[in-house]
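Undergrad: Note that the protein sequences, when read in sequence, are chains W and B. Going by full-length UniProt numbering, the first residue of the first sequence is number 1, and it counts up by one from there. Going by full-length UniProt numbering, the first residue of the second sequence is number 1, and it counts up by one from there.
Hints are computed from structural coordinates only; laboratory data are not their basis. A couple of the hints might just be wrong.
Computed list of chain W residues with no C-beta within reach of chain B, every gap over 12 Å [to be verified]: (1) G52; (2) N55; (3) D61; (4) G166; (5) N269; (6) D298; (7) N299; (8) I318; (9) D433; (10) A463; (11) I480.
From the structure, some residues in chain W lie toward chain B, with a derived Cβ separation under 8 Å [what the hints assert, rightly or not]: (12) T54; (13) D56; (14) R147; (15) L402; (16) A406; (17) S407.
No residue lacks a Cβ here, since even glycine has one placed at the ideal position from N, Cα and C.
Chain by chain, the residues:
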Amino acid sequence: MKRRKQLFFLGLLLSCMIALCACSGSTENKGNDQKEAENGEASKNGGSVIVGITNDLDSLDPHKAVAAGTKEVLFNIFEGLVKPDKDGNLVPAVASDYKISEDGMTYTFYLREGVKFHNGALVTVDDVIYSLKRATGLLETSDPEVRVESVFSCVESINAITTEDGKQAVEVKLNQPNIELLSYFTISIIPKDYTEQATKPVGTGPFRFVSYSPLVSIVMEKNPDYYVKGVPYLDEVTFKISANTDAAFMELRAGTIDIFQQLTYEQSNQLKDLYNIEIGHMNLVQALFLNHKAAPFDNLKVRQALSYAIDRQMILDIVAGGNGTIIGSNMFPGFGKYYDESLASYYTYDVEKAKQLLNEAGYPEGFHFTITVPSNYQAHVDTAQVIVEQLKKVGITAEIKLVEWASWISDVYQGRNYESTIIGLDSNLSPSDIVKRYESTSKNNFLNYSNSQFDSLYPKAYASVKEEEKVDLYHQLQRILTEDVASVYLQDPANLVAVNKKLAGYQFYPVYVQDMSTVYYK
Amino acid sequence: MKFYIKKLITLIITLVFVSFITFFAFQVIPGDSAIAKLGMDATEEQLQELRESMGLNDPMFVRYGRFLKSTVTGDFGTSTQYNVSVASLVADRLPVTAWLAVLSVLFMVVISLPLGLICARKEDGFIDRFITFLSQTFMAVPPFFLGILISLLFGIILKWFVPGRFVPVSQNFGAFISYMVFPALAVSIPKVAMLTKFLKTSLLRELSYDYVRTARSKGLKKKQIMTKHVLKNALIPVITFFGMLTADALAGSIVVEQVFNLPGMGRMLVSAIANRDFSVVSAAVLYIAGIVIIINFIVDMTYQKVDPRVRIS
């Protein structure tokens, strides 16, 4: 009896000790936080930040990484010959300058002097040629895991040249004219024949790799040899991987994450006292994409009816508190002059007109269809819910079918086995990249869209080497997509980002990246 | 000895069966490792080349044979997502889940045993009714929701721990355990409620038997009867139930790891399924199945020890 009692009390004592450990653990961490904050406040330079992300990295090798969430992180470690700035311009990076021949057949990149890899080695022409050949699939022995963009099929040769003033340069020759290829030269420059890129990545970016633990975090530190003087400000950046947005939200409430993007409007409202909420754009085309081979979406009047029946402003108001930009075609404002703003108001909310069009199309009682939505994107799920309610007003019954992301890719995107879907399409900063999928022969044409006018105009736009003509042709292509209601274009969604109130310098980019080099403690 | 050999054979058969189910489940679900690796805009040629290099184009039984071979050698191959050996991934994550399960089980025993005894002794009294009310409530709350409530109450409001923070076991054992306590509570509380109720019922049933009346008539004190005779007999069905709950707690910890952001086997499994990382999924499933089988084995052993009738049969 006595022994049992002892065992019982021993158990209780153990539980209490564990609970006490819990308390002491948190105190210790609070101390660290305070210390970090004090360091940060001391000057603009120094300090460390924790950036919350919800997607684990799919590869540390930049040429093998596919997920947007990985590229968002690796942007801080790697750089290409050029890199995007916050206004959407492509500025020289590892290259100090570049030249595109008038016929659009030759790209010449002049190497910046003194650029060092994180392992201390100077970047040479051989490194650049190796990197470009690897990423364009021109190496003699190819690695099947290296992701080669199909657009690089136009690259014929990559060679080293010496300019008249004795500088080293790399010349890329194409087999057909293309002045849109520049944005693809953001591909990372890596050391030649370096075999540990997948575990110990080495680049030229503002931060260098320290450690990575799957499902936990990736840590990087300031690159003291970075060729841009004055940046980065921070000594250390940790991208912490949260299991999901809810777990990250809990951490934000506890103050253990300094920066977190893609909050829902509801979450941002709850965090606005603790964080600065910065509002930018996701740089996506979010749309109710329609399968043109699935009836009744093969009927133009039905597609038009859907466009009139959906109140885009209400979607913005409900899903993101009015933030975001309404779009009317398959391009978003980040494309600058290529984006046709006038199309955003082509279809205005009009229930009566929608009913009339449905009547003319032979569906006076409406119809039933399914919206397949990837369940991991809350913004798309929320948008689908609003649309379902709006369509009820014109007699259309829409049913939401939530699927896992891998199923979405194989069933919807590759199998084209769906009726409609809501997704956000991102793109490289090349206008062709975002509209080429509408060519009837395109492998990525998951909408099964076919329009002879579009098919004949697109190659002209892509091949054009005159800037003004190119802009005009891309505007025409967007108009075709709008008038033909290739899909119901909704918005470029808002990106709501929680930023620690002690931090400044967070910038939005027209591509999906988080640049930590400009962030500093106030 | 015969008992152990029998158990070992059962264990092997069960694991082979689990590996078979896992393998074929992966064949029928949409998406494959190559698509997950190369992304949505990969061309068919690129996908084919990668599938070939990954051995995905081989006949199904060849792949299953290869998988079995790697399973037997315990190496499980390389993770397609992380490009590191699955064994090293598991080695880092298994302690998290194992400790979570151990702490959960500890809480289940330490909390439910006295509560069950109190409820049985004070049947229909205020304390019994109060505990029963709490049990009913907590039984209905799923572990993930309880996890959110615990994070909110102890993490955000009381600030007893920092939600989302985690210290690896290799770095600081004390701090590691401190971050395991609250997730373990989230896993164990619904189980505690069930176990308390089950123990109370079992104790009351025993108390109604004739031998208790005989013991009382012999002048034994109520406390003595309870601890020396009734508890031992009442624990026999509870042990089986406890085994089931422990396996259930392991399943619960998969969900709770998501809520508390713990890098354990559960989180690894969820992430691997999303990325169609078959080597990691199979390793995680087999390890979890193995743990459940071992728990059942321990339960059987305990059962045998406590109840001599099982030994005889």
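Undergrad: With reference to the structure, classify each hint as holding or not holding.
TA: Going down the list of hints, with the structure as the test:
1. With 12 Å as the threshold on Cβ separation, the claim that G52(W) sits away from chain B is violated: the shortest Cβ distance comes to roughly 8 Å.
2. Chain B draws N55(W) into its interface by the beta-carbon criterion, the shortest separation being 9 Å against a cut-off of 12 Å.
3. With 12 Å as the threshold on Cβ separation, the claim that D61(W) sits away from chain B is violated: the shortest Cβ distance comes to roughly 8 Å.
4. No beta-carbon of chain B is positioned within 12 Å of the beta-carbon of G166(W); the least distance is around 40 Å.
5. At the 12 Å boundary, the C-beta of N269(W) stays outside the reach of chain B, the nearest C-beta of that chain being 16 Å off.
6. With 12 Å as the threshold on Cβ separation, the claim that D298(W) sits away from chain B holds: the shortest Cβ distance comes to roughly 24 Å.
7. Taking the minimum C-beta to C-beta distance to chain B, about 28 Å, the non-interface status of N299(W) holds against the 12 Å cut.
8. Listed as a non-interface residue, I318(W) keeps its Cβ farther than 12 Å from every Cβ of chain B; the least gap is roughly 24 Å.
9. Some Cβ of chain B comes within 12 Å of the Cβ of D433(W); the nearest lies about 10 Å off, and the non-interface call is violated.
10. Non-interface call for A463(W) relative to chain B: holds, since the shortest CB-CB distance, roughly 21 Å, exceeds 12 Å.
11. Every CB of chain B lies more than 12 Å from the CB of I480(W), the least distance being 23 Å, so the non-interface label holds.
12. Checking T54(W) against chain B: minimum C-beta separation of about 10 Å lies over 8 Å; hint violated.
13. Evaluation of the D56(W) hint against chain B yields a held restraint, the C-beta minimum of about 6 Å falling below 8 Å.
14. Because the beta carbon of R147(W) sits about 6 Å from the nearest beta carbon in chain B, less than 8 Å, this interface hint is met.
15. Interface hint at L402(W): violated, since its Cβ lies 14 Å from the closest Cβ of chain B, which is beyond the 8 Å cut-off.
16. With a cut of 8 Å, the hint placing A406(W) at the interface with chain B holds, because the nearest CB-to-CB distance is about 3 Å.
17. Interface restraint check for S407(W): the shortest CB-CB distance to chain B comes to about 4 Å, inside 8 Å, so the restraint holds.
The earlier numbered hints that this structure contradicts are 1, 2, 3, 9, 12, 15.
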